[in-house]
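*Asks:* Chains A and B are the protein sequences, given in the same order. Counting from 1, position 69 in the first sequence corresponds to residue 68 in numbering that gives the first Met the number 0; the numbering is continuous, with no gaps. Counting from 1, position 99 in the second sequence corresponds to residue 98 in numbering that gives the first Met the number 0; the numbering is continuous, with no gaps.
Please note that the accuracy of each hint is not assured.
No farther apart than 25 Å at their CA atoms in a straight line, the calculated lysine-lysine pairs in the DSS-like style are these [to be verified]: (1) Lys100(A) - Lys258(B); (2) Lys95(B) - Lys22(B); (3) Lys104(A) - Lys258(B); (4) Lys122(B) - Lys47(B); (5) Lys22(B) - Lys119(B); (6) Lys119(B) - Lys47(B).
Derived from the structure by calculation, the hints contain no laboratory data.
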Amino acid sequence: MSAAVELKNVGKIFARADLNGTMAALEDVNLSVEPGAFVSLLGASGCGKSTLLRIIAGLETPTFGEAICGGEPIRGTDPRRGLVFQEHTLFAWLTVRGNIKFALKGTKKYKSERSEIDGWLELAGLAEFADSYPHQLSGGMRQRAALVRALAVSPDVLLLDEPLGALDSFTRMTLQDELARLWRERHSTMIMVTHDVDEAIYLSQRIIVMSARPGRVREILNVPMSYPRNRASDDFTELRGKILKSMDFAGDIQQDYAI
Amino acid sequence: MKRAERAMTAWELRRLESAPKSKLRRAARRAAALLPAILAGAMIAEYKLVPAFPKYASNPIAYPISNMYVYFAAAFGAALLAWFAVSLVSRRAHEKLLLKTPLYCVLIILLIAYDLMTLKTGKLKMPYFPWADRILLAIYEDRLMLLDCISHSLVLLFSGYLIGGAAGLVTGVAAGWSRRVSYWVMPLIRLLGPIPSTTWISIILVVASSLFGGSVFMIALGVWYPVTMAALSGVGNAQRGNFEAARTFGLGSARLVFKVAVPAAMPSIFNGLTQGMSVACTALMVAEMLGVESGLGWYINWQRGWAEFARMYAAVIVICLTFTAVNFALTLARRRVLRYQEDWK
Ligand SMILES: Nc1ncnc2c1ncn2[C@@H]1O[C@H](COP(=O)(O)OP(=O)(O)OP(=O)(O)O)[C@@H](O)[C@H]1O
Ligand SMILES: [Mg+2]
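Start from the sequences and build out the full structure, keeping to the hints where you can.
*Replies:* Written out as structure tokens, the structure reads:
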């Protein structure tokens with residue numbers, strides 16, 4: 000069976016007017032994600048995580064190498080590959096319900112099933128705000144709305160760019176469980192960027208640690224624990240220590256955090 | 000529902016935070032709200048009781064003095080009284096009336112002063128300064144003609160406005176969306192944009208086979224430019240993330256334009272439409288005054304030929320009311336389309 004997502008020697012160079020030249024955001028990234036896997040990307044700010052997701056989504060074209068999805072090279076976007084953006088991309092002129100409806104209509108899956116949208120609103124804890132506009136929501140509420148908007152489309156591959164970054168730890172844990180549940184139920188492939196090591200361990204089967212400038216894959220760690228996972232178990236703590244160590248080795252990453 | 004709730008709390012907050020008012024002050028505020036209605040009564044009293052300037056009073060054929068002014072003042076006073084009656088039960092109406100009280104008082108006092116200066120003392124002379132009753136009478140006497148003029152003006156205005164607005168939307172959105180279109184359209188915009196649309200009137204007068212058609216073209220051209228520019232910048236300033244998100248939902252270019260670019264540009268487009276309306280009104284007046292033989296602009300020009308100042312002022316008032324109504328309709332449309340911006344800021 001072919002991999003759900005495969006990156007072969009992918010490199011990305013951006014033209015940078017401010018530097019009067021170019022800048023390598025990604026270099027020689029090799030990655031293979033099998034169908035139905037849950038993979039997390041960890042790495043310092045600016046190391047190219049979002050760029051990597053955007054390449055898989057088809058929003059950026061790799062400068063070098065090849066990005067393949069389901070055996071075919073990635074050319075442009077496809078509703079089978081969903082992306083939850085890092086910054087909020089809700090449509091300002093539509094209500095929360097309207098935003099979800101828009102996504103469903105886009106994929107022509109929409110059969111005016113109001114109850115389905117209600118279900119998603121419930122899951123996001125936004126039932127009361129169904130008819131509110133994005134600017135009337137808090138940052139965390141917007142993030143939840145954007146998350147369920149992408150989930151509603153039920154893509155085969157879901158790319159999540161810090162989907163829970165703006166949430167308090169309790170809402171976050173609840174949504175982590177929901178994500179895990181949806182992933183199990185749908186057998187979809189999930190690739191998630193996060194800054195939260197615990198979140199990565201709690202959810203994913205594999206964790207990819209990236210290094211910065213240019214962005215590379217530093218290390219790939221397996222998480223050999225069964226679901227549902229116990230955040231307080233010894234295995235969990237041990238793995239957390241291992242990952243933190245792996246990320247701390249690099250001096251320049253330390254610097255990045257200091258900036 | 001949610002909105003009303005919020006308004007209530009904001010209102011109650013203000014009441015909570017403002018210093019408590021004494022009984023006497025509350026009574027004084029109540030009484031003050033009655034002042035405009037009382038002054039409206041004074042308006043009638045002044046008009047009826049103060050004798051007219053002898054020169055006018057002695058010649059009712061040349062200087063007719065009617066009761067139009069009384070009806071006007073009575074209607075105004077009745078409306079103010081009704082408002083006052085509502086304000087006895089509704090706090091909001093009361094506050095709003097209090098807010099407007101000084102404005103209406105000054106307005107009525109100015110009207111009384113004007114009547115004294117013209118009809119009653121002749122300090123401001125006829126025919127340049129007809130008294131208010133003369134102007135109202137002129138509107139009343141010429142009402143059929145004026146209505147006809149209004150309808151002709153509106154037909155011309157909206158023919159040009161709708162054509163120009165639609166064309167502006169198409170060119171603006173297309174140029175904002177596609178580089179290739181922008182390559183061909185931008186030079187045209189740069190060339191035609193700076194020319195005030197009224198410049199074309201002289202050419203239209205000579206060339207156009209139909210003056211109406213020519214005027215529609217001139218108005219449309221005047222509207223086209225601001226709407227194009229507004230749509231262009233609206234699409235250009237749309238958030239890239241919105242387009243990207245829509246693309247991940249599987250939208251193709253056509254739907255990206257209609258479902259994302261156009262709605263995102265709507266606030267800007269409405270600015271262009273408002274600007275376009277003021278250009279269109281100017282162009283309409285120029286067209287009617289110089290060529291088209293109907294409409295309010297033509298009427299005012301025609302009355303000028305007869306030195307009928309009261310009728311000219313009457314036309315000015317009607318033009319003001321008409322354009323106010325048109326702009327109000329546009330504002331309503333804007334509020335409806337941009338409902339989501341209601342509580343921004
Ligand atoms: N469109 C672009 N044009 C130019 N440079 C870009 C562009 N997008 C990203 N970059 C650069 O590429 C590098 C990687 O950016 P990216 O957004 O992928 O980082 P990231 O790992 O997602 O960071 P963060 O955790 O802060 O979101 C950065 O140095 C950034 O400046
Ligand atoms: Mg990022």
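*Asks:* For every hint, state whether the structure bears it out.
*Replies:* Hints versus structure:
{"no.": "1", "hint": "Lys100(A) - Lys258(B)", "in the structure": "holds, 12 Å"}
{"no.": "2", "hint": "Lys95(B) - Lys22(B)", "in the structure": "holds, 20 Å"}
{"no.": "3", "hint": "Lys104(A) - Lys258(B)", "in the structure": "holds, 11 Å"}
{"no.": "4", "hint": "Lys122(B) - Lys47(B)", "in the structure": "holds, 19 Å"}
{"no.": "5", "hint": "Lys22(B) - Lys119(B)", "in the structure": "violated, 42 Å"}
{"no.": "6", "hint": "Lys119(B) - Lys47(B)", "in the structure": "holds, 11 Å"}
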